[in-house]
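Peer 1: Residue-level listing of the chains:
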Amino acid sequence: MIMAPRIARERLLLVESMYSVIALLFLLVTCVELCDAASVVDVYRLIQYDMSGAPFGSRLASLNHHAGSLHFSPHTDLSRTVLVIPLRELNITFVKEYIVEKKPLGGILFLLPKMFSVENKGSMRTNHQDDGKERLKNVLAELEQILVHNNLPYPVYFAYEDDNIHDVLADIKKNDATGQPATATNGGYKFVVSAPEPKKVASPTITNIQGWLAGKKTDDDASQLPTIAIVASYDTFGAAPALSVGSDSNGSGVVALLEVARLFSLLYSNPKTRGHYNLLFGLTSGGPYNYNGTRKWLRSFDQRMRESIDYAICLNSIGSWEKDLWIHVSKPAENVYIKQIFEDFSSVAEELGFTVNLKHKKINISNPRVAWEHEQFSRLRVTAATLSELSTAPDLLERTGGLVDSRHFVNETAVVRSVKLIAESLARHIYRHQGKNIRVFADNSSLAVNPSYIRSWLNVLSQTPRVAPFLPKDDPFVAALKKELEDHTDQVDLQRDVLDGMFTFYDSTRAMLNVYQVASVTFDLLLLLVLGSYLILLFSFLVITTRGLDDLISLFRRPPSRKVKTA
Amino acid sequence: MTLFHFFNCAILTFGPHAVYYSATPLSEYDTLGTSIKAAVVYLATALVKLVCLATFLKVSESDSFDPYQECLKALIGFIDVAGLYFALTQLTHRNISQNHKFQAVGLGWAFADSVLHRLAPLWVGARGLEFTWDYILQGLEANANLVLSISLAALGSLMWLRKNKPKTLIPIIYMCAGIVATMPSITSYLRRGLGWHLPKVVGFELFTSLVMAILSWQLFAACQRPSA
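Residue numbers (this note's numbering), protein chains in the order written: chain H, 1 to 567; chain D, 1001 to 1228.
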């Protein structure tokens, strides 16, 4: 009676130990499965989008093909081959031929040099003048435009160069050099990306952030104070959404806006130095799509508010210029307000040792294309100008902070000088110091431009992909921008809206590429042959030796008959 | 290639056992039952070994070679010998000669070992896309293990079952048995203590297994002579 529970307990113990053994086995199995690829590479997919229903970009995400290099022999069928193309060896005419003429390919993997990497923030501008780098940048910019504006019916991925992938590429090249394309019969490497079918991004939202810094009202004046708006669009668009950090376009503009907000918040916090102008800071989204967010933002203002805006300064790409900046306007230069703005800016620029040029571009209301952010203001009859390093208006989806636009090519001092120019000329306008040589934001004063603030924000922006449709509603980056503006302004509002227009986007922007070294079928056949003959040999050997254990002499006399039997 | 490669590796790993069974007189005397019993004993031994390892061994984070732990592991490895002793002496076999008994036991032992240690990794790994030589090497290792198991069984049957063996050979038999029984520890030392790569280790195993097989064969033959 006492024994029974003990036995039961022991049995239970045994069962438990069996469970642990089984669990261990499962653990082992999962471990083995996890690390069975030769190497796993982070890859970033080419953007996939529809514009007015027409498909553009890479239309597939999943990939399972043999790898090939550019050294393939002509007239080979590449429809089941992933071409691995390092940017350094890229031949742009080849790409044009393949992409524009829509030749069949299994897929493309572009290898980008490390300097375009999102993580790469150190060693910036070391031998920036290097011809090779400039050439690479131009090639990449051209490639990006080709990829973005074409329909590629196969997966296209980007990856950064590293030793692993270099070794793989060297092997692939060696294979290709023998003249045989990689197929199932001769082994080589197999690239596998297992990704679900890309799905449409449902109702992409754009988030505009606005900060309000109220000016000082005089007692007798009941009317509204005039407002000056400083605007920068913060989102990006590029060939690879997960890599579109847009350090220059328009990270530099966002950084400049934040720094200007910080400087004026210092001035406005003291009632004595508070100006008689309201300041409105706007970080707008949807910039690459004809400044859709800016448009929505402006439409949300009431009429009185819109009329109170004295002028708006839009900041766009001010991070990599050397000697001169451009002010783009859509009213003729003779216009009084434009003249005023230009004079403010050019006089300050002169003192800072560079030039500012004015460029007038008429807007065409019937044309949906909005090349500059200020044109959205001009369409609503608000005086506005765009400060930019670009001398001509970019085309649609051009200069929107794509692959090329990395931290590596942004000059911190250029941003600092831009901030000085903007802040100083705004201060002259607000405090009516025109014509007087007063430096409000002089170096080494408490109101000096802070280069480390600019640097840290530039680094943050250069590591944050910001393609609007792929930013979730509660994106931490948007929250960070909002918090930063809250620190500098009295009142911050978020405006969320749906990105309208002709664009549809598809998800799955990043993936893992598994690189497998595979053996060929011929190798397997050969192995089977070798193993078969090994077993037959073993069989004959065993028969010859062991059956003779009983009678050694007779065994050595009889092998021929045994051999016949085994065969 | 995946399934094909798995098939190849499986042939290499388990083929020799089948070939050994069918080519030698084992099949003529129908000793399958003995082999199966030996395999069951092996499973039980493995379980006991597992429990002992789990009880007495610390889990080392690093993959380094710790002499004390390895000694303990070698000692636990001798449980194998105990299991083999049980299989050879205690199991009631049908009336088969000692010759066939040790072969059947060794074969069952090695086959159970292969199934237990190599089938699951093979099933999971060799069917993957990635090609490595590991599974082919593992198959070769299984071959070496078969030879070693049969040698050990042969030596064991000399030690425990044969009464009238020449006195001069006894120390040699015990020495050989000791070497064969410690082979797992030796290979573990080579792999982790000296950092040998798998191909080299497998080559060494194949070589030593052949040497030990020839040695034990000679010993067996030498013991056979006076009685015959």
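Where hints are given, some of them may not hold.
Which bits of chain H does chain D cover? Going by a derived footprint, with three or more residues having C-beta under 8 Å, they are [as the list claims (entries may be wrong)]: (1) 505-518; (2) 521-530.
Only some residues are given here: those of chain H computed to face chain D with a beta carbon under 8 Å [what the hints assert, rightly or not]: (3) K133; (4) L538; (5) F539.
Read the hints as simulated data drawn from the structure, not as lab findings.
We treat Cβ as the ideally placed atom computed from N, Cα and C, and that holds for glycine.
Peer 1: Does each hint hold? Answer for all of them.
Peer 2: Hint by hint, here is what the structure shows:
1. 505-518: n = 4 at 8 Å, threshold three: holds.
2. 521-530: holds (count 5)
3. K133: 36 Å, violated
4. L538: Since the shortest Cβ distance to chain D is 5 Å, the answer is holds.
5. F539: 5 Å, holds
The structure does not agree with numbered hint 3 stated previously, though it agrees with all others.
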